[in-house]
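Visitor: The primary structure of each chain is shown beneath.
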Amino acid sequence: MFDFLVFSLTVAGIYALMALGLNLQAGYAGLMNFGHIAFAGLGAYATGIAFTLGWAPLAGAALGVLAAMALGWCIGRIGNKLASDYWGIATLAIAEILRTIAINEDWLTGGSNGISAIPSLFDGLGRPWSGLAFLGLVMLAVAVCALLCRRLGDGRFGRALRLMREEPQLAACMGYDLRSLKSRTLMAGAAITALGGSLYAHYMSFVSPDYMFPAETFLLWTMVMIGGVGSTAGVLVGVALVQAANVLAPFAREVLGFGSDVAGALRLGLIGLILLACLLWRSEGLVPEKLRKMP
Amino acid sequence: MKHFSSSLFAALLLSAGPTGAFAQGTVNVGAVLSLTGASATIGEDVRRGIMLGVDQVNSKGGVLGKKFNVIVEDSGGNATTALNAARKLVGVDKVPVVMGEYSSSITLPVGQYLVKEGVTHLNINSSSIKLKDLGATSFGLLGLENYANSFSASDTFALGYRKVAVIAPNNAYGQGVLQGYKEAFEKLGGKVVTEVLYAAGQSTYRRELEQMSRSNPDAFVYTAYGQEAAVINREAHDLGLRKTPWYAILLSMCVSDTPPEIANGQLGMELGAVQGPAGKAYAEAFTTKYKEGFKTAYTGYGYDAVLMTAAAMEKARSADAAAIQAALKEIGQSYAGVTGVISFDANRQRLNPPYDRLKYENGKIAQR
Numbered sequence: 017m018f019d020f021l022v023f024s025l026t027v028a029g030i031y032a033l034m035a036l037g038l039n040l041q042a043g044y045a046g047l048m049n050f051g052h053i054a055f056a057g058l059g060a061y062a063t064g065i066a067f068t069l070g071w072a073p074l075a076g077a078a079l080g081v082l083a084a085m086a087l088g089w090c091i092g093r094i095g096n097k098l099a100s101d102y103w104g105i106a107t108l109a110i111a112e113i114l115r116t117i118a119i120n121e122d123w124l125t126g127g128s129n130g131i132s133a134i135p136s137l138f139d140g141l142g143r144p145w146s147g148l149a150f151l152g153l154v155m156l157a158v159a160v161c162a163l164l165c166r167r168l169g170d171g172r173f174g175r176a177l178r179l180m181r182e183e184p185q186l187a188a189c190m191g192y193d194l195r196s197l198k199s200r201t202l203m204a205g206a207a208i209t210a211l212g213g214s215l216y217a218h219y220m221s222f223v224s225p226d227y228m229f230p231a232e233t234f235l236l237w238t239m240v241m242i243g244g245v246g247s248t249a250g251v252l253v254g255v256a257l258v259q260a261a262n263v264l265a266p267f268a269r270e271v272l273g274f275g276s277d278v279a280g281a282l283r284l285g286l287i288g289l290i291l292l293a294c295l296l297w298r299s300e301g302l303v304p305e306k307l308r309k310m311p
Numbered sequence: 003m004k005h006f007s008s009s010l011f012a013a014l015l016l017s018a019g020p021t022g023a024f025a026q027g028t029v030n031v032g033a034v035l036s037l038t039g040a041s042a043t044i045g046e047d048v049r050r051g052i053m054l055g056v057d058q059v060n061s062k063g064g065v066l067g068k069k070f071n072v073i074v075e076d077s078g079g080n081a082t083t084a085l086n087a088a089r090k091l092v093g094v095d096k097v098p099v100v101m102g103e104y105s106s107s108i109t110l111p112v113g114q115y116l117v118k119e120g121v122t123h124l125n126i127n128s129s130s131i132k133l134k135d136l137g138a139t140s141f142g143l144l145g146l147e148n149y150a151n152s153f154s155a156s157d158t159f160a161l162g163y164r165k166v167a168v169i170a171p172n173n174a175y176g177q178g179v180l181q182g183y184k185e186a187f188e189k190l191g192g193k194v195v196t197e198v199l200y201a202a203g204q205s206t207y208r209r210e211l212e213q214m215s216r217s218n219p220d221a222f223v224y225t226a227y228g229q230e231a232a233v234i235n236r237e238a239h240d241l242g243l244r245k246t247p248w249y250a251i252l253l254s255m256c257v258s259d260t261p262p263e264i265a266n267g268q269l270g271m272e273l274g275a276v277q278g279p280a281g282k283a284y285a286e287a288f289t290t291k292y293k294e295g296f297k298t299a300y301t302g303y304g305y306d307a308v309l310m311t312a313a314a315m316e317k318a319r320s321a322d323a324a325a326i327q328a329a330l331k332e333i334g335q336s337y338a339g340v341t342g343v344i345s346f347d348a349n350r351q352r353l354n355p356p357y358d359r360l361k362y363e364n365g366k367i368a369q370r
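Residue numbers (this note's numbering), protein chains in the order written: chain R, 17 to 311; chain U, 3 to 370.
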């Protein structure tokens, strides 16, 4: 039970990093990024490739973060004239292109078999300390990133982003360079998400193109929407709730005495129900964003 | 309890419900199946096979005098959820054996985790060659892709084809088939004149088909998932390519969504579903219980996995993972399952797995 709890918390922490990255873009800046998982994929693949080259884990993570930031910069620059929904579709396309590259470039990514046997970070410590140390590292990363996101959101940069989200013309009139704001947000979000991806690759010891399926992006969107778009605390609540639904569904089935044929349906139904309930009753999320109102 | 005859025992079991007839406690093992997601049909089919196996074991008195049970968890068709399920089975339910998953890219990380924990892993659906390197506690009940590839290569060669064009999906499975088939076929003296990996989910595959037809092959060899195969088959028909023979690797998957008038006349091969009288009895029991036959060739492997696990536990007189593994190695020298005789090689993978030579005619798949 203890092992399982540590695992669930660690996975939740890794998802929290990715969701915080998405929230920077979608929450503060209102950027409809539907290809967000590409950043996590870059982080995971950079870690996998660095491992095959014999690099240190830190170098792999750094490579992933830099690559994701470069991609973020590019996405920020392209499609400047696109309306936000069309831009969202463009991001989805970019993520799919990256996934296709991951499937086809065997020499680099291991093709569709992926890269396996990536070492976990603290295997030397033995049990249960290796799992706990990993959890500690993930939680530390989440805490640091959450504080950073909060500071970023409450500061001048965050206010500029919110202005760009609500009144882009006004923001431009006030002298903000919208293109630069957009790029910088995407780069910051990409960096956090790639870090999450890198930790994910270490924890699962495996990376494959399946990790970059669009469904993963929408899972992150679900977490952010349930918690509260634009609110750091909300994102953490959303992640905790969705992960709890994932983890508890098998137990709920046993308690309620359902047969194994509804095992899958119960898990999906539970998450769907939470999302629907939140959309109906708390459309701004469980912990909505607090906007400072000028009197 | 001992003086009941087995049929009376079974009758008692049915009437008294699962709790009445056994000594205290239940012996649990686990399974991770894709009950939701793209492969849900296959996952559900395999679950039925597994549950039939559980009924069978319990009707014969369970395991170690206790009731036998398989806890089935959903993998959602993705690696994170699958690992979540495997961790729950190992960490909370403390099962000594876990079966699953379907897709190789999920079976690999799940298997790695189970081997790391010393838990017995039974591969019942995946065929990537990488699975043989998982480690000492992982066992494979179905033939890995090397067997399937050499089978289809020698089958097509024996049909007299010397120049073939091959198309397969661009994923772990398709890449494995293409490389393995080509290697085996060219070793026999044939030649693969065109090889195409197609992208999943397209609305048309005309470009790919035209590319293949330009090389004037003796036959088209293909493998594709139901819906995509339907598009490929229809367009091949429209382009007049069906004058040349078509050979399907995993025929039932390839024609499942294709109208019979288009699919008629195709040849192919398939993972051996069930073999011999035991297999026939299993197929009948399956149809009786679920009011329809199985949809895929995989269910028998789930059923065999359950019965082998129960037999291994009885042989070891223990539900301890290490003892089960030792017993599985002994039983696995020659175990008569519904999918034929199961014997393991040095890597604990099935030797000489069964495959069927098939053809599609009059709207049905038949032995050839």
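Rather than coming from a laboratory, the hints here were simulated on the basis of the structure.
Be aware that one or more of the hints could be misleading.
If you anchor each label on the Cβ, the simulated ranges turn out as follows [said to hold, decoys possible]: (1) R:W71 with U:A202: 49 to 55 Å; (2) R:I113 with U:A138: 53 to 59 Å; (3) R:I113 with U:S205: 16 to 22 Å; (4) R:I117 with U:R359: 43 to 49 Å; (5) U:G242 with R:L194: 53 to 59 Å; (6) U:N218 with R:L292: 41 to 47 Å; (7) R:C90 with U:A368: 43 to 49 Å; (8) R:L141 with U:K331: 41 to 47 Å; (9) R:C90 with U:A328: 35 to 41 Å; (10) R:N120 with U:G242: 47 to 53 Å; (11) R:D122 with U:T43: 26 to 32 Å.
Here's a subset of chain R near chain U, in silico, CB distances under 8 Å, partners left out [as the list claims (entries may be wrong)]: (12) A109; (13) S128; (14) M220; (15) F222.
Some chain R residues flagged as far from chain U (calculated, every beta-carbon gap over 10 Å) [unchecked claim]: (16) M17; (17) V27; (18) F50; (19) L69; (20) A83; (21) I119; (22) G142; (23) L168; (24) P225; (25) I290.
Glycine included, each C-beta is placed from N, C-alpha and C at the ideal position.
Visitor: So the hint says 43 to 49 Å: do the beta-carbon atoms of I117 (chain R) and R359 (chain U) match that?
Guide: violated (39 Å)
Visitor: Confirm or reject the claim that D122 (chain R) and T43 (chain U) have a C-beta distance inside 26 to 32 Å.
Guide: holds (30 Å)
Visitor: Starting from the hint 41 to 47 Å, judge whether the C-beta atoms of L141 (chain R) and K331 (chain U) obey it.
Guide: violated (32 Å)
Visitor: Would you check whether F222 (chain R) satisfies its interface hint, that is, whether its CB is within less than 8 Å of any CB in chain U?
Guide: This interface hint holds because 4 Å falls under the 8 Å limit.
Visitor: Say whether it holds or is violated: F50 (chain R) keeps its Cβ farther than 10 Å from all Cβ of chain U.
Guide: holds (17 Å)
Visitor: Would A83 (chain R) pass as off the interface with chain U, using Cβ distances and a cut of 10 Å?
Guide: About 22 Å separates A83 (chain R) from the closest Cβ of chain U, which puts it past 10 Å; holds.
Visitor: Holds or violated: is the Cβ of L69 (chain R) farther than 10 Å from all Cβ atoms of chain U?
Guide: The claim stands: L69 (chain R) keeps its Cβ more than 10 Å from every Cβ of chain U (closest is about 20 Å).
Visitor: Quick check on a hinted range of 53 to 59 Å for I113 (chain R) and A138 (chain U), using CB atoms only.
Guide: The hinted range 53 to 59 Å is violated for I113 (chain R) and A138 (chain U), with Cβ atoms some 40 Å apart.
Visitor: I290 (chain R): least C-beta distance to chain U exceeds 10 Å?
Guide: holds (16 Å)
Visitor: Between N218 (chain U) and L292 (chain R), does the beta-carbon spacing fit 41 to 47 Å?
Guide: violated (56 Å)
Visitor: Are A109 (chain R) and chain U close enough, Cβ to Cβ, to be under 8 Å, as the hint says?
Guide: violated (14 Å)
Visitor: Between W71 (chain R) and A202 (chain U), does the beta-carbon spacing fit 49 to 55 Å?
Guide: Given about 33 Å between the Cβ atoms, the range is violated.
Of the numbered hints stated above, those contradicted by the structure are hints 1, 2, 4, 6, 7, 8, 9, 10, 12, 16, 17, 21, 24, listed in ascending order.
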